[in-house]
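Line by line, the protein sequences give chains A and B.
full-length UniProt numbering puts the first residue of the first sequence at 1, with every later residue one more than the last.
full-length UniProt numbering puts the first residue of the second sequence at 1, with every later residue one more than the last.
If you're looking for bench data, these hints aren't it; they were derived computationally from the structure.
Being a predicted model, the structure only gives us computed values, none of them experimental.
Some hints here could point you the wrong way.
[Stated by the list, open to error] List time: in silico DSS-like cross-link candidates among lysine-lysine, alpha-carbon distance up to 30 Å:
hint, chain 1, residue 1, chain 2, residue 2
1, A, Lys-59, B, Lys-188
2, A, Lys-61, B, Lys-75
3, B, Lys-75, B, Lys-65
4, A, Lys-398, B, Lys-188
[Claimed, not checked] Not everything, but these chain B residues come out facing chain A in the computed CB check (under 10 Å):
hint, residue
5, Pro-68
6, Phe-117
7, Glu-140
8, Leu-144
9, Ala-146
10, Ser-185
Glycine included, every Cβ here is placed at the ideal spot set by N, Cα and C.
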Amino acid sequence: MQTSADAALQEQPEPGASRELPWPMLARRAHRQRLARDRVAQGAGSAGAQWTRLIRRSKEKVREGLRSLQPWAWTLKRIGGQFGAGTESYFSLLRFLLLLNVLASVLTACMILLPTWLEGTPPGPPAPNASSPCGSYNPGSHGLVTFATELFNLLSGEGFLEWSPLFYGFYPPRPHLAITYLCAAFAIGLLYLLLILHRSVSGLKQTLLAESEALTRYSHRVFSAWDFGLSGEVHVRLRQRLILYELQVELEEARVRRRAAVRTLGQQARLWSVRLLLNLVVLALLGAAFYGIYWATGATVDLQDKPLIQRTPVLKLVVDYLPSIFISVVNFVLPPVFKLIAPLEGYTRSRQIVFILLRTVSLRLVSLLVLLFSLWNEITCGGDAEDERCKTCDYNYKELPCWETRMGQEMYKLLLFDLLTGLAVILLYQFPRKLLCGLCPGVLGRFARTQEFQVPDEVLGLIYAQTVVWVGSFFCPLLPLLNTVKFLLLFYLKKITLFSTCSPASRTFRASTVNFFFPLVLLLGLAISAVPVLYSIFLIPPSKLCGPFRGQSSIWVVIPASIRELPQTAQNVLFFLGTQAFAVPLLLISSILMAYTVALANSYGRLISELKRQIQTEAQNKVFLAQRAVALSSADRTL
Amino acid sequence: MGGSGSRLSKELLAEYQGSTLTGSLPSARAHRRFCELLPQEHRSVEESLQARVSLEQILSLPELKANPFKERICKVFSTSPSRDSLSFEDFLDLLSVFSDTATPDIKSHYAFRIFDFDDDGTLNREDLSQLVNCLTGESEDTRLSASEMKQLIDNILEESDIDRDGTINLSEFQHVISRSPDFASSFKIVL
Numbered sequence: 001m002q003t004s005a006d007a008a009l010q011e012q013p014e015p016g017a018s019r020e021l022p023w024p025m026l027a028r029r030a031h032r033q034r035l036a037r038d039r040v041a042q043g044a045g046s047a048g049a050q051w052t053r054l055i056r057r058s059k060e061k062v063r064e065g066l067r068s069l070q071p072w073a074w075t076l077k078r079i080g081g082q083f084g085a086g087t088e089s090y091f092s093l094l095r096f097l098l099l100l101n102v103l104a105s106v107l108t109a110c111m112i113l114l115p116t117w118l119e120g121t122p123p124g125p126p127a128p129n130a131s132s133p134c135g136s137y138n139p140g141s142h143g144l145v146t147f148a149t150e151l152f153n154l155l156s157g158e159g160f161l162e163w164s165p166l167f168y169g170f171y172p173p174r175p176h177l178a179i180t181y182l183c184a185a186f187a188i189g190l191l192y193l194l195l196i197l198h199r200s201v202s203g204l205k206q207t208l209l210a211e212s213e214a215l216t217r218y219s220h221r222v223f224s225a226w227d228f229g230l231s232g233e234v235h236v237r238l239r240q241r242l243i244l245y246e247l248q249v250e251l252e253e254a255r256v257r258r259r260a261a262v263r264t265l266g267q268q269a270r271l272w273s274v275r276l277l278l279n280l281v282v283l284a285l286l287g288a289a290f291y292g293i294y295w296a297t298g299a300t301v302d303l304q305d306k307p308l309i310q311r312t313p314v315l316k317l318v319v320d321y322l323p324s325i326f327i328s329v330v331n332f333v334l335p336p337v338f339k340l341i342a343p344l345e346g347y348t349r350s351r352q353i354v355f356i357l358l359r360t361v362s363l364r365l366v367s368l369l370v371l372l373f374s375l376w377n378e379i380t381c382g383g384d385a386e387d388e389r390c391k392t393c394d395y396n397y398k399e400l401p402c403w404e405t406r407m408g409q410e411m412y413k414l415l416l417f418d419l420l421t422g423l424a425v426i427l428l429y430q431f432p433r434k435l436l437c438g439l440c441p442g443v444l445g446r447f448a449r450t451q452e453f454q455v456p457d458e459v460l461g462l463i464y465a466q467t468v469v470w471v472g473s474f475f476c477p478l479l480p481l482l483n484t485v486k487f488l489l490l491f492y493l494k495k496i497t498l499f500s501t502c503s504p505a506s507r508t509f510r511a512s513t514v515n516f517f518f519p520l521v522l523l524l525g526l527a528i529s530a531v532p533v534l535y536s537i538f539l540i541p542p543s544k545l546c547g548p549f550r551g552q553s554s555i556w557v558v559i560p561a562s563i564r565e566l567p568q569t570a571q572n573v574l575f576f577l578g579t580q581a582f583a584v585p586l587l588l589i590s591s592i593l594m595a596y597t598v599a600l601a602n603s604y605g606r607l608i609s610e611l612k613r614q615i616q617t618e619a620q621n622k623v624f625l626a627q628r629a630v631a632l633s634s635a636d637r638t639l
Numbered sequence: 001m002g003g004s005g006s007r008l009s010k011e012l013l014a015e016y017q018g019s020t021l022t023g024s025l026p027s028a029r030a031h032r033r034f035c036e037l038l039p040q041e042h043r044s045v046e047e048s049l050q051a052r053v054s055l056e057q058i059l060s061l062p063e064l065k066a067n068p069f070k071e072r073i074c075k076v077f078s079t080s081p082s083r084d085s086l087s088f089e090d091f092l093d094l095l096s097v098f099s100d101t102a103t104p105d106i107k108s109h110y111a112f113r114i115f116d117f118d119d120d121g122t123l124n125r126e127d128l129s130q131l132v133n134c135l136t137g138e139s140e141d142t143r144l145s146a147s148e149m150k151q152l153i154d155n156i157l158e159e160s161d162i163d164r165d166g167t168i169n170l171s172e173f174q175h176v177i178s179r180s181p182d183f184a185s186s187f188k189i190v191l
């Protein structure tokens with residue numbers, strides 16, 4: 001059998017640079033001694049080639065530098081290689097939320113804390129004997145308090161924390177502070193919206209490329225997959241796992257797509273009716289859960305009046321916490337049902353994860369809404385302005401002299417409770433399960449050893465925690481700072497738990513799809529959190545005894561009042577922006593632009609399908625030409 | 001760092017610059033690394049140019065030690081009749097092909113020979129299967145299942161095998177590689 005080198009030596013050597021011939025050095029030296037070479041032309045050519053090489057290398061260095069600015073990049077890569085792209089996307093989302101919270105804390109410090117101290121130290125809490133038509137407000141610790149009470153105060157935001165920069169009530173009623181306080185809330189909200197949209201859109205670009213069937217190139221994936229510059233066992237093994245996961249995801253999605261493509265009309269109809277049925281089941285379950293929570297809230301009030309309940313303290317405790325117990329039971333029972341339903345719908349695994357997440361997020365956020373609803377009930381006496389408790393001061397001044405601080409305290413408690421629950425689950429469930437049951441033989445041991453990182457549950461926890469912070473950050477300005485610390489702790493806790501107790505994922509899903517959908521679900525949380533905040537700003541009268549907006553009819557009126565102090569032209573412009581003469585044409589123009597963008601997208605879609613068809617035709621041409629070439633060459637040989 | 005202090009003469013360096021694509025400075029560095037693999041007494045310039053280093057010693061280089069394709073790389077570049085040792089010129093060849101300055105044509109030619117596990121001049125199903133196993137890891141739990149492997153190889157052959165003979169020959173391979181933008185940057189070893 002001739003090797004290619006021997007065959008090459010026997011052929012007629014072609015003119016050209018001998019060092020670009022794929023021969024061993026001996027052969028090349030012989031070739032060069034036989035031919036004369038133009039050194040000058042070689043020199044010019046290599047200079048140009050050197051220049052392009054330099055540019056290419058500097059571009060790569062810049063890209064590497066930017067990527068190294070992101071913290072924990074190596075950790076994330078290690079996690080992705082060992083546990084799959086799903087786990088990596090959770091930690092990537094956590095890192096993104098950390099960035100959001102850090103930026104919000106910085107903005108808060110600049111726009112709320114700085115102006116507060118700039119105009120002189122804020123006053124202390126009101127005197128306990130001061131009284132007004134709206135009752136008296138005396139926060140802070142009374143007399144000597146035990147250590148247990150102090151600890152309780154720390155965990156619930158009462159006592160010494162109640163009159164501190166942590167909560168809304170501390171801030172003095174200065175007009176400039178009021179304006180910056182309100183503008184900070186809007187600015188931070190806008191920042192959140194823009195950053196989340198930006199992250200989602202960049203994920204969309206990658207998803208479109210990755211999920212498009214015509215562009216999948218298995219040959220590229222296999223032939224150019226290996227980076228020959230990798231050295232070191234760790235890197236090599238990591239890269240091998242990454243390649244394995246990528247190939248598995250591609251092949252699985254291709255299988256699902258092929259199954260979808262060959263479905264007959266009858267099978268498609270059956271699949272869509274199955275999907276409809278399952279979605280109705282999910283909606284029915286969610287509706288039953290919501291109604292159950294509503295019923296439990298109402299039943300609590302009725303049951304609390306029964307004398308039997310009042311006599312036994314245990315039953316009283318149960319009845320008091322009935323809504324919370326019901327919510328917890330529902331949050332425990334329904335998500336596994338959703339996880340069972342998802343594979344029946346026939347989507348790829350990446351899509352399944354998104355559906356599971358959407359359903360569990362709706363469930364979890366409802367518990368938050370129920371809490372907010374009960375708070376609203378308490379603050380505004382059920383919306384009834386004629387109720388005797390709310391008549392004098394337009395809000396329930398007896399029980400809630402400073403209702404904004406109370407809202408902040410509830411969100412603060414939720415944040416701490418969430419952190420403590422997470423810690424408890426890690427310490428009391430995950431570690432013991434791995435340590436103790438790992439020693440058990442048989443089925444129990446195997447169950448303990450194959451603990452995997454549950455991506456939808458963990459991402460749900462992140463989204464819930466961030467929504468709580470979004471609701472609470474208007475009433476508790478330092479909440480984003482606390483959340484930054486909490487998420488930092490969470491990152492390291494989860495990382496340690498992951499590497500110590502979890503085994504690598506058996507199956508994974510595509511990172512670009514989840515990187516597109518997770519921020520969108522985050523947007524859902526942002527939208528839901530905007531409702532109570534905007535309602536409080538526009539419709540609920542602020543407390544008369546605390547906060548920067550005391551004495552106003554609503555929190556929003558400081559903005560029109562401050563606009564009236566501006567010069568006349570500025571006033572006219574800004575007030576014009578709020579009239580119908582501006583809003584209606586704006587709406588019309590936006591609708592026209594949207595219709596134009598949709599039409600453009602449609603025509604690009606048609607162009608793309610046309611190009612795909614052309615690619616297929618070219619491939620067929622190639623095959624035909626190759627067969628003709630083979631046929632002609634065999635015809636030549638026989639001649 | 002070898003302590004013998006042997007250096008290549010200027011003429012030899014110039015000749016190597018002409019024959020390889022790496023230029024003179026990397027050739028000197030390569031000579032130093034090559035000398036470290038030789039036993040102490042054979043490290044003079046004349047002996048190092050004639051000596052051959054066994055495969056095991058080349059495979060102990062840190063750049064190659066963890067590479068799943070290390071045996072194939074050494075076999076392809078070895079010019080000895082039994083393909084089990086490398087001379088300095090073979091070593092320089094290796095570095096030259098894996099350097100920045102090699103053209104994609106050269107790289108794809110040698111990549112084809114490296115991936116051709118049974119050395120028959122074409123990539124058939126067994127070659128591709130072994131290639132994928134090298135990429136994902138050799139142990140049992142890191143391999144693709146048999147059905148996944150079949151699906152993957154079917155897809156690769158459908159994309160690359162233009163004349164539909166069930167194997168990929170050199171020109172088909174080079175045609176596929178020419179459309180891959182990051183092949184040249186991944187087929188690189190820097191000493």
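Status of the hints after comparison with the structure:
no.	hint	in the structure
1	A:Lys-59 / B:Lys-188	holds (17 Å)
2	A:Lys-61 / B:Lys-75	violated (33 Å)
3	B:Lys-75 / B:Lys-65	holds (15 Å)
4	A:Lys-398 / B:Lys-188	violated (76 Å)
5	Pro-68	holds (7 Å)
6	Phe-117	violated (14 Å)
7	Glu-140	violated (12 Å)
8	Leu-144	holds (6 Å)
9	Ala-146	violated (12 Å)
10	Ser-185	holds (8 Å)
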